[in-house]
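Generate the whole structure from the sequences, applying the supplied hints.
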Amino acid sequence: MSLTRLLIRDFRNIETADLALSPGFNFLVGANGSGKTSVLEAIYTLGHGRAFRSLQIGRVIRHEQEAFVLHGRLQGEERETAIGLTKDKQGDSKVRIDGTDGHKVAELAHLMPMQLITPEGFTLLNGGPKYRRAFLDWGCFHNEPGFFTAWSNLKRLLKQRNAALRQVDTLRTATPVG
Numbered sequence: 003m004s005l006t007r008l009l010i011r012d013f014r015n016i017e018t019a020d021l022a023l024s025p026g027f028n029f030l031v032g033a034n035g036s037g038k039t040s041v042l043e044a045i046y047t048l049g050h051g052r053a054f055r056s057l058q059i060g061r062v063i064r065h066e067q068e069a070f071v072l073h074g075r076l077q078g079e080e081r082e083t084a085i086g087l088t089k090d091k092q093g094d095s096k097v098r099i100d101g102t103d104g105h106k107v108a109e110l111a112h113l114m115p116m117q118l119i120t121p122e123g124f125t126l127l128n129g130g131p132k133y134r135r136a137f138l139d140w141g142c143f144h145n146e147p148g149f150f151t152a153w154s155n156l157k158r159l160l161k162q163r164n165a166a167l168r169q170v171d172t173l174r175t176a177t178p179v180g
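Residue numbers (the numbering used here): 3 to 180.
Don't take every hint at face value.
To be verified - Listed next, the in silico DSSO-like pairs over lysine-lysine satisfying Cα-Cα at most 30 Å (straight line): (1) K96 - K106; (2) K157 - K132; (3) K106 - K91; (4) K132 - K161.
Don't read these hints as lab results, they were simulated from the structure.
Shown next, in the form of structure tokens:
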């Protein structure tokens, strides 16, 4: 699906913006500080539910505002999908897909698969194996429909196994043998 329209309100330094986008390449041109990176971050946030430049939600909401609103139109081969994300200063999110509320951020990631590559992204090459696994997991998540469920189950089982191993280790050290 291609993002063909992006509406931004109170995100970073952008009060309001309504952008019509081409299904192909789009170029953002402007002076330093004009909001080019903020537009890219808004697109990323709409697809991931979180910003890539700051983990603190208060920093992405425009000064003296209570929340930001991002809305997009995705054009697929057969239909158009409307998506939206609102996030307030407390970190509460509201996801809307085709006019209905109550959706999860993960559903946005399914509709808008994207990967961010930045200068810091070289950890994929020279970082530890966990970064490479996360990158491969992302690719599987978007290409194999059953992957997310299997991956979630595996993560849960690994947590349970590790907790059980810690308990056994604690019991061994606490109980004298012989």
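Evaluated hints:
1. In summary, the hint linking K96 to K106 is supported, as the alpha carbons are separated by about 8 Å, within the 30 Å threshold.
2. A distance of roughly 13 Å separates the Cα atoms of K157 and K132; the hinted pair therefore holds under the 30 Å criterion.
3. Note on K106 and K91: the hinted pairing holds, with a Cα-Cα distance of about 18 Å set against a maximum of 30 Å.
4. With a C-alpha separation of about 16 Å, the suggested pairing of K132 with K161 holds against the 30 Å cut-off.
The structure fails none of the hints (numbered hints given earlier).
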